[in-house]
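Novice: Chains as they are written, first to last, in UniProt numbering: chain A, 1 to 201; chain B, 1 to 201.
If you're looking for bench data, these hints aren't it; they were derived computationally from the structure.
Even for Gly, the Cβ is constructed at its ideal location relative to N, Cα and C.
Treat the hints with care, as some may be off.
[Unchecked claim] Just so you have them, the derived chain A footprint on chain B, three or more residues with Cβ under 8 Å:
1. 40 to 47
2. 54 to 60
3. 77 to 91
4. 167 to 180
5. 193 to 200
Number of protein chains: 2
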Amino acid sequence: MAERTDEQHAEKMKKKQAAHDKIMATKTQEKGLLIVHTGKGKGKTTAALGMVVRMIGHGKKVGVVQFVKGAMTTGEKAVFDAFPDRIEFKPMGEGFTWNTQDRSRDIALAREAWDEVKRMVADPDYAMVLADELNIVLRYDYLPLDEVLAVLTAKDEMKHVVVTGRNAPEALIEAADLVTEMTMIKHPFRSGVKAQAGIEY
Amino acid sequence: MAERTDEQHAEKMKKKQAAHDKIMATKTQEKGLLIVHTGKGKGKTTAALGMVVRMIGHGKKVGVVQFVKGAMTTGEKAVFDAFPDRIEFKPMGEGFTWNTQDRSRDIALAREAWDEVKRMVADPDYAMVLADELNIVLRYDYLPLDEVLAVLTAKDEMKHVVVTGRNAPEALIEAADLVTEMTMIKHPFRSGVKAQAGIEY
């Protein structure tokens, strides 16, 4: 920016603002979104948590189903507990073995967690449903992708559903309204720093 | 994954888990992180908000300074209000003109907001400081990058500082411990959907 003059700078800013206002004026539709956070970077679950917080801040009810143990833990739990009527939190990730010996057990657990998601998606009380790390379970073929897509695309028009996890299936990205990829540019684990309260959990 | 057998699948998963455990065992250091969320995608402020929520959930105090009006609004505000002792929220984005006619005014406002960040960074009471959309102000040369970097790199070793906004300066990325880029894969504004409660604000 240093080589640009203040006048050019202001002119560009004004044009951008005008273009933005024009675009926003055409955006009149409110609808529930199918949102996907994927990629190898951090922030997928954390950004979903931010949306959950906004939603309960607006007085809406949110359902959270966690498919992988520990993805959401003590930090957010304490805050959720302050809003018991607005959030139903189902940590369903306990017990997965990720092992062929117990593949049938893992599939049963995935099914149980998915049944919770389906119930929340079908229940008009929930304005938003977060299926945290559902992509992982899909990646391991623990649930039929077709069934998951059928449920998510048949959701009530006003309901928001957020799906997180790396390796989102292409068909889910196709079906989604809003997809963000989190890319790791730099990570402190590389330099010996462990997971810490408030950052990772 | 369909073409891979269950056995190969389990073998890969076990190897990954073992490698992960080995890496994690070497991560013993706790330290405050300089975290940057950048990129054109959504989720930069939202993921920072998620970390703020985790931090206050752990009983820690957080300071939030917002450089751009409206980046954090009613949704999170209602939740912050439930934890008045753990969060100090300073919405400082009001009044910016982004206009050369008032460039000196914008610079003064940026300075005022930056002074709040500096105060929180210097105060041991705050476990985390979020400088929301600081990158925007740096992009417009409203604050000297050198001064900002000097303050952020001289922070207490245990303090977490989170900086958000697209176009993070290269030198800030260099100085940071953890950098995530949010990339937009798909955005519903493109198809006529407006910003909605609980999603964008």
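Novice: Each hint needs a verdict: does it hold in this structure or not?
Specialist: For each hint, the structure was consulted:
1. Residue count for the stretch 40 to 47 of chain B with a Cβ under 8 Å from a Cβ of chain A: 6. That meets the three needed, and the coverage hint holds.
2. With 7 residues carrying a beta carbon less than 8 Å from a beta carbon of chain A, the stretch 54 to 60 of chain B meets the three-residue requirement, and the given coverage holds.
3. Restraint check on the stretch 77 to 91 of chain B versus chain A: 5 residues with Cβ-Cβ distances below 8 Å, three needed, restraint holds.
4. Counting residues of the stretch 167 to 180 of chain B whose C-beta sits closer than 8 Å to any C-beta of chain A gives 6, which meets the bar of three, so the coverage hint holds.
5. Coverage of the stretch 193 to 200 of chain B by chain A holds [criterion: at least 3 residues with CB-CB distance below 8 Å; count 7].
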